[in-house]
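**Q** Dock chain B against chain A, hints included.
2 protein chains.
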Amino acid sequence: MYCIEHNELKQYDIKMEQSVKKNCKVCFEPSGLEIEVPVGSVLLEAAHKAGIYLSSICGGDGYCGKCKVIVEHSEQIQSRPTPLLTPDEIRKNVVLACQTHVLSDVTVTVPKSHTLETSQILMDSDAHRFSQIAGEVREGIFKFDPLVQKIFVDMSPPTVHDHTADHERLYLAIREQTDTPIMQTGFRILQKLPGLLTCCNYKATVTLGRRGKTTEVIEVEPGNNCSKNYAVAVDLGTTTVVAHLIDLTKAATIDTEATYNSQINFGEDYIRRIIYAEENDAFNELQNRIVNDVNNLIITLATRQKIDLQEITTVICAGNTAMVHFLLNLDPRRIRREPYIATASFIPPIRAAEAGVQINKRGLLYCLPSVAAYVGSDIVAGILTTRIFTRKGISLFADIGTNGEVVLGNRDWLVCASSSAGPAFEGSGVKHGMRAGAGAIEKLNILDNGSIEFKTIGNRPPVGICGSGLLDSLAELLIHNIIDRTGRFKADPKAEPRLSEGEEGRQFQLAPAYNGSHEIVITQADIDNLVRSKAGVFAAIKVLMESTQTKTQDLDAVYLAGGFGNFLNVRQAVTIGMLPDVPLEKIHFVGNTSIAGAKTVLLSRKALEAAEKIAKSMTYFDLMSHPTYMDEFIQASFLPHTDLSLFPSLKT
Amino acid sequence: MYCIEHNELKQYDIKMEQSVKKNCKVCFEPSGLEIEVPVGSVLLEAAHKAGIYLSSICGGDGYCGKCKVIVEHSEQIQSRPTPLLTPDEIRKNVVLACQTHVLSDVTVTVPKSHTLETSQILMDSDAHRFSQIAGEVREGIFKFDPLVQKIFVDMSPPTVHDHTADHERLYLAIREQTDTPIMQTGFRILQKLPGLLTCCNYKATVTLGRRGKTTEVIEVEPGNNCSKNYAVAVDLGTTTVVAHLIDLTKAATIDTEATYNSQINFGEDYIRRIIYAEENDAFNELQNRIVNDVNNLIITLATRQKIDLQEITTVICAGNTAMVHFLLNLDPRRIRREPYIATASFIPPIRAAEAGVQINKRGLLYCLPSVAAYVGSDIVAGILTTRIFTRKGISLFADIGTNGEVVLGNRDWLVCASSSAGPAFEGSGVKHGMRAGAGAIEKLNILDNGSIEFKTIGNRPPVGICGSGLLDSLAELLIHNIIDRTGRFKADPKAEPRLSEGEEGRQFQLAPAYNGSHEIVITQADIDNLVRSKAGVFAAIKVLMESTQTKTQDLDAVYLAGGFGNFLNVRQAVTIGMLPDVPLEKIHFVGNTSIAGAKTVLLSRKALEAAEKIAKSMTYFDLMSHPTYMDEFIQASFLPHTDLSLFPSLKT
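Just so you know, the sequences run in chain order A and B. Going by the working numbering, 1076 is the number at position 652 of the first sequence; the sequence numbering is gapless. Going by the working numbering, 776 is the number at position 352 of the second sequence; the sequence numbering is gapless.
Looking at chain A on its own, in the form it has when it is part of the complex (with noise of 0.2 angstroms):
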């Protein structure tokens, strides 16, 4: 564990300076963050170094002209020319900062516009588990029979012997090399078709794209390009969206990259965005928001492994429903208004382009299907990802997002719910809260001397607090008596040097302020938001269990998913009531098993039809109208909960 003191700070700054021949100050404007580096670095890492983050969607090529900037002298700094500069913006010494080296002291102003909130948000851990799935698929859990895929045919050029039309002899190549009894074929591949297959000498690559149990042909090129073929999958969250990219004919994750859900200015949570939609009349700029966050995803991804977008066959979502029907543009509205239900729950794979998604385009856009308004296709791919629906014993899945869903059940029965949890735990709604990200504390521990050891994302130093290190921290509050069972902090004189008064009420500091960042601290408000989250889950989970009959002691499993961060410390999530007591080593934590379960999905067939099967057989139970819900969100209101007995183990 790195724990970053005020001392090893200092350190980490000294060993910079030595490190450095000579340097030259970059003061950014408004924040007036300033920073010291060498001589000829790029302005776009200095920038990051000063915890600023620019948005850059090329990822420092000079490609995507998002990380503009303006410097007060332009002898300041040397830049590479570019065609993304105005005349008008060269006069006024805009800049982009990734094609900029700092030549000597440099004031530079970021428009608002072009900050990023927090860093982007990593993914390793993520891929590496992906990895194992992929290993799933292929060793037969799922056969790997991906929902696109391009095969190459081989045919024998007509003659006047066999006099098969170009369309038949294509179909006929087909099906020998696949199982495709139902095969349809779009106009435009038809009217090409002829000119292609005669210039190619009938040796073409067909790209086949499954739409239920239809296969289509979705496009025909010359020659063989089947080493080619691409897809997106996208984890589509109401704070964070997730892409990763996958190479097809490998099973593989080739890359990964996430960004803020850029309808957030419309409302933190999704009711609020339909809301907004409905009285300023913007579903088309709410899906205008997602679509271009997709897209800008997929461009970053494409333009930073050198994939041509053509090449990009298949994008899969998998997200809750409201999410899904924005990127589709169905009407969302009925989703917060009883009788609560979708457009649809199965959604019938479309052409990308149809939804402005931009990759090859005949490129095929997959949802995965979902249960209810309230429980979406990413619940689905939890469940597919964790195989509950495949075990006799009984499971308990808990998805901790911007809503919590629940899920009990084995392979005989599931059954559902979704607690409004709210996005605390994302880091939304927390005065310091962020996602899981480079400098956020994923990890904390309070010593018993009262010092605060943690780790942040990247080592680097703090810029906030993502899930997993707000897990903690609640947890350490309690185990530390700075905060009593109902969440309110107490007058402990080991925590009195770290309490204050802040704008927003008491607040509890976690790390101090530093040159370039800002004190990290934990209010009231932020308890008090984390508390109603992890009461919304655990009465949701008792009210599923109670429905059931299903004692604590009957679960054989809990996964908890959610996007916390890598290193989520599980027992917290008991302690401070949000999972039942089971033992630790029942207790999983699995991620996010929303795009995990869609890349499964895009690999195997099979996967697609588990995937249907699960969503048609889960039961929904409504919390709003369930008679023991709100009394049991009361009882889950107290940390751990009011009813001790439920938490045997915190009492010794």
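Please note: incorrect hints may appear among the correct ones.
Each pair may be met inside one copy or between any two copies, as identical chains are not told apart.
What the hints assert, rightly or not - Pairs of lysine to any residue, SDA-like flavour, derived with a Cα cap of 20 angstroms:
id	residue 1	residue 2
1	Lys652	Ile598
2	Lys616	Pro772
3	Lys616	Pro763
4	Lys627	Pro763
5	Lys855	Asn708
6	Lys616	Gln711
7	Lys730	Asn719
8	Lys914	Asn873
9	Lys1037	Pro772
10	Lys1040	Ile598
11	Lys1040	Leu596
Hints in this document: simulated from the structure, not taken from any laboratory.
**A** Below, chain B alone, put in the same frame as chain A:
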């Protein structure tokens, strides 16, 4: 039989004069044709009486603006105001003939582009024939199960306890009524579903279209609109395009219409048109022509029957392979080049709008399957209609259009071939040849005294001679020794008064000139063309029979298809040696089986499956590369044949 002689023609005129109080003369330029009509007559009708067939898509409703003509003085007529004329046209005395009444003698100039060369083609008998086929569909030979159907679904609106999404709710309701295991829904339908279902309280009309084994939800409309579901069946001929309007709810033909194929300017047969298109890069233009022809027919039918184009959900086409390729802008070039192949023999259903065909914007366009480049879906339709493929006995089928396709077989096997017969029996390449339309001589007898008795379609003064009339003429000229067995005119004294030397050599008068109509003759060149056509057909039949060791006496039935006219004397087809010499009762004239087959398929999915089976099982013989075809052709170029033993019945 109506026998027009000079005196009768006069009587015809006198009767007309008697019934009229006050007449005025209408003189049409540039033809110089004149006619007397009662004051107040509609100009369009006057033109038709004078034998001038103006384009008129709307049937005289003043809607299409096609029948524009120029009058000498505006005082001579009275015109209804119309928005279809520009002020400039009004100044130039342009009027719509259908909206103009004649007040006094008037000279009318007909723009050349606005005349049809002959009348509209009468379809009564085909419509009658079809009513029997519809009967067969109803009686269970094929189950009534149209390719596109509308069903009314009365769903329970969602409740908190029944939160099934709209899309799945719709599928459940559809499946209660239909056998549709595999369904698809377009993205646009999905997007509009919630608003639509809410507004009609979940009572809606669903249009379902078959796409292979998949059923597509083509349209969803509020309320019950099931009674309005129409289709148009189209026979895409090289010379003529025929369309029938079908009420899909009643399996009834409502109306029929036909037009010349306006590609005809680019070549009489499709090979010439392909060459033209290739040399002039005019594929789009050729597509536009045929698409416009189809659209004009559809608009004519819809306007006449007061049907909204949106209520036409289906277009089904049968035709030769080249015409279908032109319609869909599929590259037809390799149809004329070795190895003579089509782009597709089995063309998937497409949205009609994709090909530019103007029906419901989400309506489907189906093409019947074809066999080869030279044996199109019209022939498959013929085999379906005649039921050759269901019987144990061997039948022969010959379709005499611009090509002469022949099929031989039974329920176990089918062989086929195509002779490039040329369009002589369609009236093309024959001096006074015309389609089977009003004023066409469709039946002709030479009496022993040398006088000629004939019947015209619609009992009008003769304006030309159609296929059945040409067949009669050739047979009668042979029987009466006016031509010899090589088709040459003989110096027979009986024929002498009617023989003359025309611009194109010797010619024989079939009908004298008459006021407003011209003399009808058959020339030596006409006879040569007709003999070539029949020789091509007979040689093809001979090749198929020899190849399958079928003797004439093995033939259980002979079917002759084509647009010859309503009264075809099948005996004459044997007399000239076009069909094998089988007992007359075995020969059936079956008319336009292309459109009949298209309509059968339209009304029954089982019929489509049967058509697909026929197309797949038919073995194609390429006559051009066949070793004996040319010999057979030469031997068949005599009347009836060099080998008279093949025609024993003719000796008696």
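**Q** Next step is simple, just say for each hint if it's right about the structure.
**A** Here is how each hint holds up against the structure:
Taking the shortest alpha-carbon separations for Lys652 and Ile598, only the intra-copy value of 18 angstroms comes in at or below 20 angstroms, while the best inter-copy value is 40 angstroms. Taking CA atoms no more than 20 angstroms apart as the test, Lys616 paired with Pro772 passes between copies only; the shortest distance there is 15 angstroms, against 26 angstroms inside one copy. Taking the shortest alpha-carbon separations for Lys616 and Pro763, only the inter-copy value of 19 angstroms comes in at or below 20 angstroms, while the best intra-copy value is 48 angstroms. Taking identical chains as interchangeable, the C-alpha atoms of Lys627 and Pro763 lie at most 20 angstroms apart only when they sit on different chains, with a minimum of 18 angstroms there against 54 angstroms within one chain.
Taking the shortest alpha-carbon separations for Lys855 and Asn708, neither the intra-copy value of 31 angstroms nor the inter-copy value of 64 angstroms comes in at or below 20 angstroms. When the C-alpha separation of Lys616 and Gln711 is checked against a cutoff of 20 angstroms, the pair qualifies only between copies, where the shortest distance is 15 angstroms, while the shortest distance within a copy is 33 angstroms. For a Cα distance limit of 20 angstroms, the shortest separation of Lys730 from Asn719 inside one copy, 16 angstroms, qualifies, whereas the shortest one across copies, 48 angstroms, does not. Proximity of Lys914 and Asn873 under a CA criterion of 20 angstroms is satisfied intra-copy only: 17 angstroms inside one chain copy versus 131 angstroms between copies.
With identical chains, the CA atoms of Lys1037 and Pro772 are at most 20 angstroms apart within one copy only, with a shortest distance of 15 angstroms there and 31 angstroms across copies. In this homomeric assembly, Lys1040 and Ile598 come within 20 angstroms of each other (Cα to Cα) only across copies, at 18 angstroms, whereas the closest approach inside a single copy is 32 angstroms. With identical chains, the CA atoms of Lys1040 and Leu596 are at most 20 angstroms apart between copies only, with a shortest distance of 13 angstroms across copies and 35 angstroms within one.
Checked against the numbered hints listed earlier, the structure breaks hint 5 alone; every other hint is satisfied.
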